[in-house]
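Colleague: Protein chains in written order, with our numbering: chain F, 1 to 133; chain A, 1 to 403.
In case anyone wonders, no lab produced these hints; they're calculated from the structure. A hint or two may mislead.
As the list claims (entries may be wrong) - Here are the simulated SDA-like pairs of lysine to any residue, each with C-alpha atoms no more than 25 Å apart in a straight line:
| id | chain 1 | residue 1 | chain 2 | residue 2 |
| --- | --- | --- | --- | --- |
| 1 | F | K120 | A | H135 |
| 2 | F | K111 | A | K69 |
| 3 | A | K34 | F | E19 |
| 4 | A | K83 | F | G107 |
| 5 | F | K124 | A | V111 |
| 6 | A | K83 | F | V121 |
| 7 | F | K120 | A | S131 |
| 8 | F | K32 | A | V111 |
On a predicted model such as this, the values are computed, not experimentally measured, just so you know.
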Amino acid sequence: MSGHRKGRCMSKLLIVDDEIDIREFAKNFFKKRGVNVFTASGGGEAFEIAAQEHPDLILLDVRMEEMTGVEFLRKMREQGNHTKVIMVSGIEDEEIVEEAKGLGILGFIHKPLILGELQKVVMKELEGDPAVD
Amino acid sequence: MALSKAVPKIDYKKALEAASRGMIMIHDPAVLIKLILRIIVGRVHIAHAGMILHDPDRDRYVLNVSKGKIGARVPAGFARFDKNSPIIQVFLNKKIEPILRGKKAILAHDVHATIWKEGLLNGGVCDPEISLLLHDVRDEMELYDVSACVPAVYHRELMAVLLLGDKVEGGHFDQEELDFFSALASNAAMAIRNAQLFEKLKDHAEKKHDLFIRMTNTLGAAIEAKDEYTKGHSEGVTRYSVAIARYMADYMGYAFEEKFYEDLYIAGILHDIGKIGVPEMILNKPGRLTPEEYALIKRHPVDGVAILKDLPELEESIKGIRHHHERMDGSGYPDGLKGDEIPVIASIIAVADAFDAMTTQRPYRQPTSAEDAVAEIMRCVETQFHGDASRAIKGLLDSGLLA
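Go ahead and model the full structure; you've got the sequences and the hints to work with.
Modeller: Written out as structure tokens, the structure reads:
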């Protein structure tokens with residue numbers, strides 16, 4: 001059960017992270033697993049892509065220079081966009097967690113993360129009910 | 001073979017020696033690991049490489065350092081491996097080492113063949129525990145796009161695992177390459193262990209002698225403030241002393257107890273405490289000292305003892321402080337002790353002191369290279385310096401571990 005199902009779905013994933021290292025690694029990782037990946041380095045760019053591409057899921061970094069993940073999330077929800085969001089954070093900040101939960105997110109993943117788990121939660125959302133093979 | 005013409009063969013022995021030279025004097029394991037990964041990625045042309053390091057506080061492994069192209073390398077600090085993750089489990093499993101048969105690594109392309117061979121050797125069936133574990137390892141390696149995992153072990157403890165991507169020029173790793181990676185990984189493991197040990201001792205000493213240590217650190221800072229060229233000298237001497245003692249215990253059959261390392265730590269920090277009584281003018285004098293001035297400097301071991309003598313728990317450390325300028329042939333000071341009469345704690349500090357002094361800039365000269373400093377120590381072995389302590393610092397230098 002490697003969860004490696006090339007080309008089975010062409011769901012759209014938007015990765016929002018201001019660290020190019022993480023953005024590019026995650027992009028390649030999910031591309032190889034048959035996902036149509038878009039990336040944004042900050043909130044502004046992410047708004048544009050979200051509006052144009054209507055991703056199925058957004059992987060959102062909490063700590064970003066231009067606009068924090070929570071700020072981005074709040075603005076997006078205010079505009080009536082209810083795309084599913086998983087937040088990735090390096091810090092275990094109770095306040096941020098509470099606020100983000102109030103804004104309707106699927107969950108939090110803490111860095112350093114277990115890559116297999118990230119794969120599992122993301123693919124589960126994108127593929128719907130994950131068929132066990 | 002047409003392929004081998006395009007790829008110039010690397011002399012791994014030379015590369016390892018060059019790498020070891022580069023590792024000298026690196027105190028911070030993270031810096032050392034960066035250097036190792038740069039060597040691997042740069043010289044062997046690997047798409048990406050990373051090292052997952054044991055975090056003893058949380059007993060898990062974190063990928064802390066990585067090299068390679070953006071997008072291929074796993075971002076530093078991004079991924080962790082818990083103790084039950086296959087890549088960690090496999091190297092903690094006692095049954096694995098004989099199965100790897102000296103390969104010193106797990107290779108993704110080789111997993112099937114390994115399981116099959118094990119089956120043949122065991123009358124048809126490979127141990128299901130091993131077979132399952134190896135398959136899980138291969139799946140986990142695939143997640144990270146890793147084609148080889150090399151363990152970094154020190155005294156049966158898994159300190160780190162080196163994760164290697166594919167060779168840019170294609171083809172699998174050969175045994176010579178794996179030996180090279182394994183040697184680099186062992187160096188890293190030892191450096192990590194030494195750094196951890198040093199931190200632990202520091203922590204322990206600070207807790208145990210809280211007020212005392214704070215007081216002596218203040219005294220130590222006072223000496224260093226007087227003598228600008230010895231800034232960091234006490235800590236340097238302490239680090240080298242602990243590393244030398246550790247090496248003597250690991251490779252020369254010395255049985256030092258934990259207490260010895262603590263005494264050594266304190267003696268290292270305080271070995272020059274007696275210099276507090278020497279005027280600044282003399283300590284920082286750029287030219288030659290007059291015999292009177294030299295006589296004043298030579299008092300510092302005895303003055304140091306006088307400062308500390310009312311602290312009975314420092315008995316062993318005090319021996320180290322009093323005798324760190326004795327010489328094996330009896331021509332040292334203050335007591336002119338010979339050979340075995342000199343406490344080993346003092347002999348270790350003497351070598352560490354000489355090495356740190358030579359490799360640091362002084363008012364009257366440029367620093368000596370680590371190689372030349374060790375050569376000089378070896379030139380004076382048995383006349384000035386303790387044989388095993390000197391050979392230990394040479395051993396540390398040769399394995400690139402003066403950290």
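Colleague: Would the hint linking K120/F and H135/A be met if the CA-CA limit is 25 Å?
Modeller: Roughly 18 Å between the alpha carbons, so the hint for K120/F and H135/A holds.
Colleague: Please verify whether K120/F and S131/A have alpha carbons no more than 25 Å apart.
Modeller: holds, 23 Å
Colleague: Need the status of pair K32/F, V111/A: alpha-carbon distance at most 25 Å?
Modeller: holds, 22 Å
Colleague: Keeping to a limit of 25 Å between CA atoms, is the pair of K34/A and E19/F held or broken?
Modeller: It holds: about 19 Å lies between the C-alpha atoms, which stays within 25 Å.
Colleague: Below or equal to 25 Å on CA atoms is what counts here, so check K111/F against K69/A.
Modeller: holds, 21 Å
Colleague: With a cut-off of 25 Å on the C-alpha distance, tell me whether K83/A and V121/F pass.
Modeller: Holds. K83/A to V121/F sits at ~21 Å (cutoff 25 Å).
Colleague: So if I understand the rule, the pair passes when the alpha-carbon distance is 25 Å or less; does K83/A with G107/F pass?
Modeller: OK: K83/A and G107/F at ~24 Å, within 25 Å.
Colleague: Is the Cα-Cα distance between K124/F and V111/A 25 Å or less?
Modeller: violated, 28 Å
Consistency with the previously given hints fails for number 5 only.
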